[in-house]
Amino acid sequence: MLRADPARHERLDQGVDELALGMSRECTEVRVHRHDPALGGRDQDGIGQSAEEFYELTPCISKRSMALLIVVRRGPESSASAVFLAHPPSARHHACVGTSPGRNASVAELWRYP
Amino acid sequence: MLGERLEVADVADAGFTGDRAHAVIDPATGKVGSAKHPRLWGALLQCEARYLSPPDAGAPLPPVRITLPDGDETGSDDPDVDERLSALFGRPVQLTTVAPEGNGYLAVWPDIDGVVPDDFREQSAVEGTDPEGTLTGLSLGLASPPGTFFDVAALHVLTTATLERLGELEPASRFAVPRYRPNIVIDATIEPFAENGWSGAGLRFGDVLTASVLIPTMRCIMTTLAQGELPRDNGVLRAVARHNRVEIPGLGTWSCVGAYATVTAPGRVQLGDEVVIDEAAYARARS
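These protein sequences, in sequence, are chains W and D. Numbered by numbering that gives the first Met the number 0, the letters in the first sequence go through residues 0 to 113 in order. Numbered by numbering that gives the first Met the number 0, the letters in the second sequence go through residues 0 to 286 in order.
Hints in this document: simulated from the structure, not taken from any laboratory. None of these values were measured; they are calculated from a predicted model. Hints may be right or wrong, so weigh each one.
Part of the chain D face toward chain W, derived, beta carbon under 8 Å [to be verified]: (1) Glu3; (2) Leu5; (3) His21; (4) Ala48.
Backbone N, C-alpha and C fix where the C-beta goes; we use that ideal spot for every residue, glycine too.
Hey, can you work out the whole structure from these sequences and the hints?
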């Protein structure tokens, strides 16, 4: 089973920290899906990849201006999937650009589960 | 355990300060107790938990007061808290703030068409049977800081519009907020199930706190369980499977309500704060 390499972990952490979170865990397979907001998030060009191939792909990810959906499939003893949405720095600027008139939204309830 | 309703909350990278900070561990298996395995842990939802004082980020957590199903109380700092909880669950348990190795738990997926992708059910299945459905082995904190007890992500939002619409579609069931265990409920004049299209969108709460939406929240048996005045009702989950199945890239098609998010700028949120949702999210929700 592959384990995250600390040096690579640090490199990931520079631009796509959610990915670093994913890579800090043991994983056996990583699948990358392009998630293009302009296409309604439906453009999947995901490729089944090994974790090693994923590491090689990360420089490309950090240059993209769109979010990427990352799926990490963990070991056979707990074959859960995890999802990480990577936001390259350039993509973060589009967040919170405002809301349209007539769509007032407010916080109605707040909950914490100790 | 049932949570506490707040008027204000400080939110950091790990979500609401003190959120999902405690868990019950089964020392025999090393797994976290989850009400998603109701036969063993359903009583969790008959317990209420609240901090005795507001937790501060970076400071040790204050004690938690736990109200047991019979109305008795115990505290996270009481010497006999494990004994009291062990008596409740009928097995030795430990209350902890430290995630066990693997942070695993067992979850039962009821046999309701469309709730969960078939391949997920098959791949996650573990040995053992449960009369309520497929027993699966999962891990907590998959998209949240390591060692936390979140199901997936550190922040969980949903809109009143979605719950209201479910109530209109299936009036026999009660789609109450506590069934979904969100952190932030957003009141908005917005399309029902708008959260389906928010993946990748930014949310701003008040002046400082911002978050980025990850994926729609996949729903499970938890929403069907009795808690407080709410009855056991599989219809709650069946309704979502009937009316709001969402394809999540790479994960298949799930029955969803609300959305998971990750904090992008920590800050304080309080009731009545304005919520700003970026335009792209609206566009996707309408398409």
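Here is what the structure says about each hint:
| no. | hint | in the structure |
| --- | --- | --- |
| 1 | Glu3 | 6 Å, holds |
| 2 | Leu5 | 4 Å, holds |
| 3 | His21 | 6 Å, holds |
| 4 | Ala48 | 4 Å, holds |
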